[in-house]
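These are the residues of each chain, in order.
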Amino acid sequence: MKTNTLSFRIFLFTSIWMLVSLIVVAILVLQDYRRTVERQFEDLISANLYNLMGSITREADGKLQGKPLLGDGRYQQYNSGWYWSVNLLGDKDINLSSSSLAGSDMPVLESTKFDSDFQRSYRIDDEVGNTILAVEARVYLGEGNDIYTFRATGNMGVLDADISRFSQRLILFLTIFGIGLIATSMAIVRFGLKPIRFATSQLADIRNGKTDRIKGDFPQEIMPLIEETNALIRSNQAIVERSRIQVGNLAHSLKTPLSVLSLEVKNLPETVKQKLLSQLAAMNSQIQSYLNRAMISARHGAITSRTDVHSTLKRLVRTFNKLFPGISFEYEMPPENFDAVFAGEQQDFEEIIGNILENSGKFALHSVEIKSRKQIDDTGKFVEIEIIDDGPGLNRSEIDYVLKRGNRLDENNPGTGLGLSIVSDILKEYGGTLHIDAAYIGGLKVKVQLPAGQ
Amino acid sequence: MRILVVEDDIELNRQLVEMLEETGYVVDKALDGEEGHFLGTTEPYDAVILDVGLPKKDGITILEEWREEDLNMPVLMLTARDRWSDKVAGIDAGADDYVAKPFHVEEVLARIRALIRRSSGLASSQITCGPLTFDTRTSKAQIAGRQLKLTSLELRLLTYLLHHQGKIISRTELTEHLYDQDFDRDSNTIEVFIGRLRKKLGVDLIETVRGMGYRLQAAENED
Numbered sequence: 001m002k003t004n005t006l007s008f009r010i011f012l013f014t015s016i017w018m019l020v021s022l023i024v025v026a027i028l029v030l031q032d033y034r035r036t037v038e039r040q041f042e043d044l045i046s047a048n049l050y051n052l053m054g055s056i057t058r059e060a061d062g063k064l065q066g067k068p069l070l071g072d073g074r075y076q077q078y079n080s081g082w083y084w085s086v087n088l089l090g091d092k093d094i095n096l097s098s099s100s101l102a103g104s105d106m107p108v109l110e111s112t113k114f115d116s117d118f119q120r121s122y123r124i125d126d127e128v129g130n131t132i133l134a135v136e137a138r139v140y141l142g143e144g145n146d147i148y149t150f151r152a153t154g155n156m157g158v159l160d161a162d163i164s165r166f167s168q169r170l171i172l173f174l175t176i177f178g179i180g181l182i183a184t185s186m187a188i189v190r191f192g193l194k195p196i197r198f199a200t201s202q203l204a205d206i207r208n209g210k211t212d213r214i215k216g217d218f219p220q221e222i223m224p225l226i227e228e229t230n231a232l233i234r235s236n237q238a239i240v241e242r243s244r245i246q247v248g249n250l251a252h253s254l255k256t257p258l259s260v261l262s263l264e265v266k267n268l269p270e271t272v273k274q275k276l277l278s279q280l281a282a283m284n285s286q287i288q289s290y291l292n293r294a295m296i297s298a299r300h301g302a303i304t305s306r307t308d309v310h311s312t313l314k315r316l317v318r319t320f321n322k323l324f325p326g327i328s329f330e331y332e333m334p335p336e337n338f339d340a341v342f343a344g345e346q347q348d349f350e351e352i353i354g355n356i357l358e359n360s361g362k363f364a365l366h367s368v369e370i371k372s373r374k375q376i377d378d379t380g381k382f383v384e385i386e387i388i389d390d391g392p393g394l395n396r397s398e399i400d401y402v403l404k405r406g407n408r409l410d411e412n413n414p415g416t417g418l419g420l421s422i423v424s425d426i427l428k429e430y431g432g433t434l435h436i437d438a439a440y441i442g443g444l445k446v447k448v449q450l451p452a453g454q
Numbered sequence: 001m002r003i004l005v006v007e008d009d010i011e012l013n014r015q016l017v018e019m020l021e022e023t024g025y026v027v028d029k030a031l032d033g034e035e036g037h038f039l040g041t042t043e044p045y046d047a048v049i050l051d052v053g054l055p056k057k058d059g060i061t062i063l064e065e066w067r068e069e070d071l072n073m074p075v076l077m078l079t080a081r082d083r084w085s086d087k088v089a090g091i092d093a094g095a096d097d098y099v100a101k102p103f104h105v106e107e108v109l110a111r112i113r114a115l116i117r118r119s120s121g122l123a124s125s126q127i128t129c130g131p132l133t134f135d136t137r138t139s140k141a142q143i144a145g146r147q148l149k150l151t152s153l154e155l156r157l158l159t160y161l162l163h164h165q166g167k168i169i170s171r172t173e174l175t176e177h178l179y180d181q182d183f184d185r186d187s188n189t190i191e192v193f194i195g196r197l198r199k200k201l202g203v204d205l206i207e208t209v210r211g212m213g214y215r216l217q218a219a220e221n222e223d
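Quick note, the sequences are listed as chains A and B, same order.
If you read the first sequence in my numbering, its first letter stands for residue 1, the second for the next number, and so on.
If you read the second sequence in my numbering, its first letter stands for residue 1, the second for the next number, and so on.
Since no wrong hints were added, every one of them can be taken at face value.
Going by beta-carbon spacing under 7 angstroms, a handful of chain A positions derived as facing chain B:
#	residue
1	Gly248
2	Ala251
3	Lys255
4	Thr256
5	Ser259
6	Ser262
7	Leu263
8	Asn284
9	Lys322
10	Gln347
11	Glu350
12	Glu351
Think of the hints as simulated: they come from the structure by calculation, not from any bench.
Note that CB positions come from ideal geometry on N, CA and C, so glycine has one too.
Can you build the whole structure from these sequences, using the hints too?
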């Protein structure tokens with residue numbers, strides 16, 4: 001996922017919020033759980049202590065008697081952390097203890113204060129390192145005034161194991177829940193931003209020449225944006241069209257007087273006539289060059305449209321067969337490629353192919369072949385058009401020469417010599433390519449590659 | 001050969017008309033689209049020079065209307081908008097060729113000659129009929145290698161007959177193609193010119209088809 005996206009922002013903030021909340025929830029639940037199980041544990045130990053107090057009696061000779069049934073085998077296991085003991089306060093010899101202590105001293109934390117019921121509880125480590133919870137009560141036993149300390153302990157290790165088991169399950173559940181939430185939030189983001197993605201793909205379609213405006217039913221929030229974008233595209237197309245018309249009008253208004261002048265000079269003395277004619281030709285060439293640049297500038301950055309390659313080529317070939325009656329222009333395209341689309345304006349397509357066909361027609365002896373097909377390579381889809389003539393052809397240095405603006409090899413055939421440089425300029429604008437090579441039938445093979453639309 | 005020039009620029013129109021007349025064509029002119037369309041529809045022309053950008057009715061529309069009305073005279077389109085899209089639109093509308101402004105006199109003349117020749121079904125600029133040869137580029141006629149001296153009207157008459165070899169041409173048709181619209185036509189004068197032309201040719205190439213007109217044809221054994 002790219003970081004500079006709305007999706008990422010929404011996803012990031014949702015995820016951070018969810019992570020923090022889940023961690024807080026986990027900590028609170030675990031704390032609560034620990035308190036609950038510890039209270040229950042203390043209750044259990046207290047119950048054992050009361051059981052102990054109920055089952056121990058003091059004989060007349062002061063000895064302690066009784067076999068407490070605590071119902072827990074761990075009180076018999078050595079060093080289990082489950083201990084009990086009874087002591088006469090101030091007399092260490094008079095006592096009873098669980099077999100789990102096996103004569104060792106019960107660990108005692110004397111610093112803990114007794115409550116008003118003469119009870120206290122504390123945690124302490126026994127000799128073998130078990131953390132134990134001890135509950136103590138001081139009571140009078142029998143008829144004397146002797147005070148006995150009853151102690152019962154439980155190994156908190158079981159508690160830790162229990163809490164650890166619980167926390168593992170809790171973390172597992174919360175993780176699953178969290179992943180589920182993140183997935184849901186991603187789905188919501190995707191669903192929520194779907195219209196924007198759709199609009200983006202439509203804009204790409206417009207660039208690729210698949211459509212001419214953004215179509216579809218959009219949510220109210222972004223509908224104004226879509227309408228504005230469509231209006232912008234329309235205005236863009238209108239500007240290009242207006243520029244074209246203006247350039248055309250300019251061409252007309254400049255070239256008619258030029259025609260008048262060039263016809264008028266025919267009655268002048270030859271030296272003056274030649275000078276004037278060459279100046280007029282230069283003027284025309286300059287006008288043409290700047291008009292072409294104006295055409296190309298009008299298109300620069302414009303939203304592209306789409307051109308049906310097959311029908312446009314057929315139309316051009318029909319035109320050239322009429323313009324060059326002695327030359328046979330033969331057009332060939334695989335039928336499965338008939339749907340090929342050039343991602344650009346028809347006028348530009350006609351200008352590119354028209355100029356090349358005109359050159360081929362001038363130099364061909366009998367025929368010009370036009371082959372077109374769709375191609376795909378690493379750089380994307382494009383339409384390829386090959387124009388092959390059976391004329392005299394050119395060598396490499398001649399090819400490089402004619403590709404320069406205004407250069408002409410053949411001064412006998414009419415033309416301004418701007419043809420191929422216009423072709424190059426338009427191709428540059430669209431990211432197309434032009435290759436000129438020797439043709440297998442002796443003339444030139446001109447190959448044009450143009451970006452394809454959908 | 002009669003030609004119509006439809007061009008709204010008065011100066012350019014005058015120049016084109018002069019240039020064509022000097023070459024031996026009979027020329028009518030129109031300065032706007034409506035007039036041009038009307039003349040093309042009502043008069044028989046051997047070729048039309050038609051500007052694309054015209055007031056009242058543009059060249060493309062005129063051309064489309066002519067072709068819809070089955071008027072098939074060759075049309076040379078004049079255009080200042082010389083992008084291929086404009087040229088293709090013109091050719092698609094029915095033009096036979098185009099010349100981009102500004103143009104050379106020779107270019108327009110060459111294209112007009114080629115269009116007239118092609119519409120008569122002739123492949124070469126050199127037309128022959130038996131011992132008679134005619135170069136459409138120089139408008140010079142030779143009979144068995146001997147240069148013919150022809151007046152402009154005789155030249156027009158011979159050119160028209162040569163472009164329609166083997167066909168019977170009525171006096172009316174000849175009148176329509178040899179004189180412009182303002183000329184006071186009298187078909188009897190045609191007979192006089194045919195007579196003079198026959199004398200200059202020296203060989204019997206022009207046949208009179210009684211009640212129908214004239215036919216230029218090489219004799220069978222000379223074919």
